[in-house]
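Chemist: As they're listed, the protein sequences go chains A and B. Letter 103 of the first sequence, counting from 1, is numbered 103 in our numbering, and no numbers are missing. Letter 35 of the second sequence, counting from 1, is numbered 35 in our numbering, and no numbers are missing.
Read the hints as simulated data drawn from the structure, not as lab findings. No experiment lies behind these values; they were computed from the predicted model shown. Fair warning: there could be bad hints in the mix.
[As the list claims (entries may be wrong)] Covered stretches of chain A, as calculated for chain B (at least 3 residues, CB under 8 Å): (1) 173-182; (2) 219-231.
[Claimed, not checked] Straight-line distance between alpha carbons at most 20 Å, and here's what the computed EDC-like set of lysine to aspartate or glutamate pairs gives: (3) Lys164/A with Glu154/A; (4) Lys137/B with Asp181/A; (5) Lys111/A with Asp104/B; (6) Lys97/A with Glu154/A; (7) Lys93/A with Glu154/A; (8) Lys164/A with Glu243/A; (9) Lys111/A with Asp26/B; (10) Lys239/A with Glu154/A; (11) Lys93/A with Glu236/A; (12) Lys111/A with Glu39/A; (13) Lys164/A with Asp202/A; (14) Lys117/A with Asp40/A; (15) Lys215/A with Asp80/B; (16) Lys239/A with Asp181/A; (17) Lys215/A with Asp125/B.
For every residue, glycine included, the Cβ atom is placed at its ideal position computed from N, Cα and C.
Chain by chain, the residues:
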Amino acid sequence: MATPVMDKVEAESAASPYITVTFRVRRFNPEVSAEAVWEDFQLEIDPKERVLDGLHKIKWDLDGTLTFRRSCAHGICGSDAMRINGKNRLACKTLIKDINPEKPITVEPIKGLTVLKDLVVDMEPFFQAYRDVMPFLITKDTNEPTRERLQSAEDRERFDDTTKCILCAACTSSCPVFWNDGQYFGPAAIVNAHRFIFDSRDEAGEQRLEILNDKDGVWRCRTTFNCTDACPRGIEVTKAIAEVKKALITRRF
Amino acid sequence: MSNNTVTTDKTAGIGPVEGESLYNVDNPAPYIEAPRKRTKKTPKSTRGNFEMAAWLFMRLSGIVLVVLVIGHLLIQLVLDGGVSKIGFAFVAGRWASPFWQVWDLLMLWLAMLHGANGLRTVINDYAERANTRLWLKGLLYTATVFTILLGTLVIFTFDPNIR
Chain A
1 MATPVMDKVE AESAASPYIT VTFRVRRFNP EVSAEAVWED FQLEIDPKER
51 VLDGLHKIKW DLDGTLTFRR SCAHGICGSD AMRINGKNRL ACKTLIKDIN
101 PEKPITVEPI KGLTVLKDLV VDMEPFFQAY RDVMPFLITK DTNEPTRERL
151 QSAEDRERFD DTTKCILCAA CTSSCPVFWN DGQYFGPAAI VNAHRFIFDS
201 RDEAGEQRLE ILNDKDGVWR CRTTFNCTDA CPRGIEVTKA IAEVKKALIT
251 RRF
Chain B
1 MSNNTVTTDK TAGIGPVEGE SLYNVDNPAP YIEAPRKRTK KTPKSTRGNF
51 EMAAWLFMRL SGIVLVVLVI GHLLIQLVLD GGVSKIGFAF VAGRWASPFW
101 QVWDLLMLWL AMLHGANGLR TVINDYAERA NTRLWLKGLL YTATVFTILL
151 GTLVIFTFDP NIR
């Protein structure tokens, strides 16, 4: 008598795409406590959904005080870089099924930047380093948009990889040298300098190289490849840094 | 209005759809200074090319050290009877030749500077307070200079007839 009922329940659970996942989120609220604590949330979620959807479920249904950044939710704006299961990723590009939902999924803010609340960090030092490398076209005679600046396909290809950066800070906040004192320019700033240094239309490459020759510039890179592993856009970050180093050495000798 | 030539001469940039421009000759757009512009107040950020030289030195000395150290280990520990042959006489015999003197001197200097530079970067990466860095680096440089000077002195003043 019990058997058919059991069968039905089992069949239903097999058909349902939902599984129960534990989200272990690093919570910090300076108005409540100076300490950051782990908080567990259990939720029903389709494993084909993303970590960001899980965070939305928590914020919308379980605990509205959970704070995190996200804008486009499709891997372009670079707002929702966070440390998921100990690795820097974009929450909107990480599927639940890809990160072992059997175990609790840990979600932390990215490291090396001051945490403001929960998963939100102060990005100002990151953007200061970005501004420092002058990430805009500079030409000697005129910067006015008077004419089209032509470039061959090969010249465009030279820096194609580094144009893909979305400034999510996943690379910079995965860099152990940046974690120390935050004075290192960081991979993201170097990538964006690389984008202009190797642009045939730009004429301030020398200035940018000089900025990156600083004691907190490219020479602090330890080639650990954390940045290349972390980049959600698949930019070969460490290679770009190495190319800047090479340019610095070969321009003199 | 006051200057008719300006309002009619808007060939570039802002079209009529966007309405009057906020700026004209008398009221120009605010000038945005380039970030991190080097002024008198900016601290002198680079110490020449020291970091680049240090980085290059690590690579080049590393290559030379591979040859020197592996050769040294082979001679001292493997070839011709191995470690058991080493004694005062063996060292005295080797240092009688300028070739081995130069070999050992080069190895001493390169290994010490290579190691010291490596530790310098480790201190830079791991010591978080300026004071800790200062003390650790002071200790490191003192030890390095002491070892290099002592070793150099021994290589050049070695006396095989010492009693």
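Chemist: Work down the list of hints and note, for each, if the structure agrees.
Modeler: Do the hints match the structure? See the list:
no., hint, verdict
1, 173-182, "holds (count 4)"
2, 219-231, "holds (count 3)"
3, Lys164/A with Glu154/A, "holds (17 Å)"
4, Lys137/B with Asp181/A, "holds (17 Å)"
5, Lys111/A with Asp104/B, "violated (45 Å)"
6, Lys97/A with Glu154/A, "violated (40 Å)"
7, Lys93/A with Glu154/A, "violated (31 Å)"
8, Lys164/A with Glu243/A, "holds (17 Å)"
9, Lys111/A with Asp26/B, "violated (48 Å)"
10, Lys239/A with Glu154/A, "holds (19 Å)"
11, Lys93/A with Glu236/A, "holds (18 Å)"
12, Lys111/A with Glu39/A, "holds (18 Å)"
13, Lys164/A with Asp202/A, "holds (18 Å)"
14, Lys117/A with Asp40/A, "holds (17 Å)"
15, Lys215/A with Asp80/B, "violated (48 Å)"
16, Lys239/A with Asp181/A, "violated (24 Å)"
17, Lys215/A with Asp125/B, "holds (12 Å)"
Checked against the numbered hints above, the structure breaks hints 5, 6, 7, 9, 15, 16 and satisfies the rest.
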